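Undergrad: If you want the building blocks of each chain, they are given just below.
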Amino acid sequence: MAIDPTLARELKASGVHVTSLEQLVNWGRSSSLWPLQFGLACCAIEMISATMAKYDMARFGAEVFRPSPRQADLMIVAGTVTKKMAPQVVRLYNQMAEPKYVIAMGACAISGGPFKEGYNVLKGIDRFIPVDVVIPGCPPRPEALLDGLIALQEKIRGEKLTGSARARHADPDAPAEMPIPECGAHDIVPVANRGIWNPPVIEREEGGAE
Amino acid sequence: MSADPAVVLESLRAAIVGLRADLRRNPGPAAQHSILVDPDHLLPVMRHLRDHCGFDLLTNLAGIDWPDPKLADAVAVPDDAGDAAVRAAGGFLEVVYHLDSTKTRGAPLVLRARTADRSDQVSIPSVVGVFRSAEFQERELFDLFGIHFTGHPDLRRILMWDAFEDHPMRKDYVAPDDYEYEPTPHGDVLEKARKHDPPKP
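Chains A and B supply the protein sequences, listed in that same order. Taking the numbering used here, I'd label the letters of the first sequence as residues 1 to 210. Taking the numbering used here, I'd label the letters of the second sequence as residues 1 to 201.
Note that these hints are calculated values from the structure, not bench results. It is possible that some hints are incorrect.
For each label pair, taking beta carbons as the anchor points, the in silico distance ranges come out as [stated by the list, open to error]: (1) B:D177 - A:P175: 54 to 64 Å; (2) B:V189 - A:A58: 40 to 50 Å; (3) B:S119 - A:P114: 41 to 51 Å; (4) B:V189 - A:R157: 36 to 46 Å.
Keep in mind that this is a model prediction, so the values were computed, not measured. Here a beta-carbon is modelled for each residue, glycine too, at the ideal position from N, C-alpha and C.
Using the sequences and the hints given, assemble the complete structure.
TA: This is the structure:
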């Protein structure tokens, strides 16, 4: 049941804080996001910089980088995901406990970036794991990572824990583990998890895109 | 000793009996001449350069795929006295060695060695026994070009995964066809775009 905001304000003025369990849980989750401590390329340097004294990610409750996926809530995919590395990234994601969130940081993690048409780089980690926030940049500055973190916190604070619009981790039918791709003879197999990755079909205008 | 390939080649000829090697001149402004060595003589040449000519540092190995052997000799023209004109009809793979000296200054000495062809006779002796720094670089050339270094202690793929079968740096490598939408395709990507996203009728 929703709380009447006017009533909540009046009560707050008289020293009574009214909240719902959902808001309380989401507030707690959003305020103590523990990222998984791993980096894949140069974006990781910016991620490290964001945690250090100058940018100080600890201000947002996300400074406790965990060396084990079992203790982490947030996976920051910071850098180029090669096809050789992709199965390990998905495996790390599977080993994280729910609720878990993913930030794709930088052009490579989003789409393959400058290596997109190459033979050895995955064209975006969202082909295999669900991504909550994407941060463009090559690499994104630490401020951009902090902005992405705040965006993720806002997303978590707005999550529904019950009902039909509930979050993925609150839905018992939603898959918690993603299938791990295999490195085949010529390419990664399969090239994408069609259950979560279905790009729209875009019709090309002849001459328009040239 | 000077890194002038002509001087080094004279020294090599004096030291190794029946040496099959010749000077390849680079006609470009870089004028980085090189020595083309027959693979059978590669190890004695490397040992001589290390022990007697002061080249104690193998800094770099590069691979080149020459499907058309005429192109290979167009960029590094044989010297007049060339006697090791290795030319395979179907092209060959080439390894370029950059040798430096920590004792003397100057440009690196460039050596080349060529395989017999591009398909089944792709062996070149490993120089890991002479220069340990070649180990990973030879693995990389094996991985990306498919050059087999005989005598290498641990010849495995180093960048691509073990189950991978292709050699991506070869000119005839065909990348997996996993095109996805590009907003501004051009060049090869435009060809892929035409194939995968046919224009509206």
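Undergrad: Between the beta carbons of B:V189 and A:R157, is the distance compatible with 36 to 46 Å?
TA: Hint holds: Cβ distance 41 Å, inside 36 to 46 Å.
Undergrad: Do the Cβ positions of B:D177 and A:P175 conform to the proposed distance bound of 54 to 64 Å?
TA: violated, 28 Å
Undergrad: Does the Cβ-Cβ separation between B:V189 and A:A58 fall within 40 to 50 Å?
TA: holds, 43 Å
Undergrad: Using the Cβ atoms, figure out if B:S119 sits within 41 to 51 Å of A:P114.
TA: violated, 33 Å
Figure legend: structure checked against the earlier numbered hints; hints not met, in rising order: 1 and 3.
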